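From first to last, the protein sequence lines are chains A and B.
Just so you know, we're using this note's numbering here: the first sequence kicks off at 1 and counts up by one.
Just so you know, we're using this note's numbering here: the second sequence kicks off at 1001 and counts up by one.
Quick caveat, the hints were computed from the structure, so don't treat them as lab data.
Note that this is a predicted model, so its numbers are computed, not measured.
What follows is a list of derived Cβ distance ranges for each label pair: (1) B/I1060 - A/H114: 32 to 40 Å; (2) B/D1054 - A/T28: 23 to 31 Å; (3) B/F1012 - A/A78: 42 to 50 Å; (4) B/K1057 - A/Q107: 16 to 24 Å; (5) B/G1016 - A/L2: 33 to 41 Å; (6) A/A78 - B/P1008: 38 to 46 Å; (7) B/F1012 - A/F10: 28 to 36 Å; (8) B/T1079 - A/R60: 43 to 51 Å.
In silico BS3-like pairs for lysine-lysine, Cα to Cα no more than 25 Å straight-line: (9) B/K1070 - B/K1057; (10) A/K3 - B/K1057; (11) B/K1083 - B/K1014; (12) A/K41 - B/K1009; (13) A/K56 - A/K68; (14) B/K1057 - B/K1083.
Footprint (simulated), chain B over chain A, 3 or more residues, beta carbon under 8 Å: (15) 42-50; (16) 101-107.
Built from N, CA and C at the ideal position, the CB exists for glycine as well.
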Amino acid sequence: ELKVEQNPLFLSMQEGKNYTIYCNYSTTSDRLYWYRQDPGKSLESLFVLLSNGAVKQEGRLMASLDTKARLSTLHITAAVHDLSATYFCAVSGLAGGTSYGKLTFGQGTILTVHP
Amino acid sequence: DGGITQSPKYLFRKEGQNVTLSCEQNLNHDAMYWYRQDPGQGLRLIYYSQIVNDFQKGDIAEGYSVSREKKESFPLTVTSAQKNPTAFYLCATRRGGALQETQYFGPGTRLLVL
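Same shape as in the complex, but just chain A (with noise of 0.2 Å):
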């Protein structure tokens, strides 16, 4: 069974101030996806990872795999306030498994920045 795991689970930070949100899985796997959302909303996309080191970058986000490792990270460089969300990441079958195309949740980040 997949497991999909991310720590810390809450995360306050002060404006201007870097981190790093950690996303491990228990299964090998080849796609890792990274969500946001913010209170009372749904999911949004952020980045689609691929393949073993994989980096992705948008704005203050920068996503990267480690699929030897079964890891992911999301850095998040010089936060501001309109980053304050919910992140998930989410792990997906192998490609010709059964169970190919589902996705299996971390339990999700509360990040709050703050001045």
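Use these hints to put chain B onto chain A, whose structure you have.
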């Protein structure tokens, strides 16, 4: 306007009642999914469908049923067998392709038990 619509936004269920949540998409995506989100938790997969007239149980299918008669529509019925249905329900679709395959989420339906 392309997108995923879910209705209603809020739904109240009485004890013993079946209720149906609607999910419609005009993205021409083949795959559709239903997730449940409980407060402070991640999403859990209820049912998914990769193609019309076919669907599979997810991790928490008990007390739920679905149909996929049209590509655009994937309604979810919460039956009276689901004893704790209060949650935020999210429908998602996925576009195919080898290089880019992400799920897009609808706005969600919040279900409350009276």
